[in-house]
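Colleague: Chains as they are written, first to last, in the working numbering: chain V, 18 to 128; chain A, 653 to 768.
Please note that the accuracy of each hint is not assured.
[What the hints assert, rightly or not] Dumping the calculated DSBU-like pairs for lysine-lysine here, alpha-carbon to alpha-carbon at most 30 angstroms:
no.	chain 1	residue 1	chain 2	residue 2
1	A	K690	A	K767
2	A	K668	A	K755
3	A	K722	A	K655
4	A	K655	A	K755
5	A	K755	V	K97
6	V	K96	A	K755
For the record, the hints were derived by calculation from the structure and aren't laboratory data.
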Amino acid sequence: SQTIHQWPATLVQPVGSPLSLECTVEGTSNPNLYWYRQAAGRGLQLLFYSVGIGQISSEVPQNLSASRPQDRQFILSSKKLLLSDSGFYLCAWGLVNNEQFFGPGTRLTVL
Amino acid sequence: AQKVTQAQTEISVVEKEDVTLDCVYETRDTTYYLFWYKQPPSGELVFLIRRNSFDEQNEISGRYSWNFQKSTSSFNFTITASQVVDSAVYFCALSEAASNTGKLIFGQGTTLQVKP
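Bound conformation, chain V alone:
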């Protein structure tokens, strides 16, 4: 069966510090991978998606970047965090035209 992992679960970072969130998927090959952000009390916003190794598409201009160094690894990064980067970050995997399965999420607080 497929499993998706995210870490860390929670993170408190000062403004201007770097960020690295990691997501890995087990039990499937060549999945599409997605990063979403959920601001407090709001819906989910797609940040990045990847259809293959090294292939990253950005949905919204922002302070963040993503990379996919391996087939089942998806990394979300920032060189300098902003207050507005606070939120709940969810990684998901899926196949085109099928449902997506989400990881447990990372709660990021930028102070």
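Model the placement of chain A on the given structure of chain V, informed by the hints.
Modeller: Structure of chain A alone, referenced to chain V:
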């Protein structure tokens, strides 16, 4: 442009009541997929159902049922005999086949509180 609207921000019911969560979508694509997810307090999104645009049959799964109507661009979700464990945020989402990326466009979510 594609869009999903969940007009109900919060709903509060008493246990055993039936409750319907509304979802209205907009798309120009003729082939698309609709989804419902549940987000309990832990935060992880739980997949509930997927429906493609060519299948308008209603679906029932235990206490859950879904009503898909293309004529009104709606995909409503009904919980029968609600329970406290149903308390969560529920999201409706849309995926367009033409994008070929599987991207999900989410509504803003409906917070359901079921009181004992």
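Colleague: Which hints, by number, does the structure contradict?
Modeller: 2
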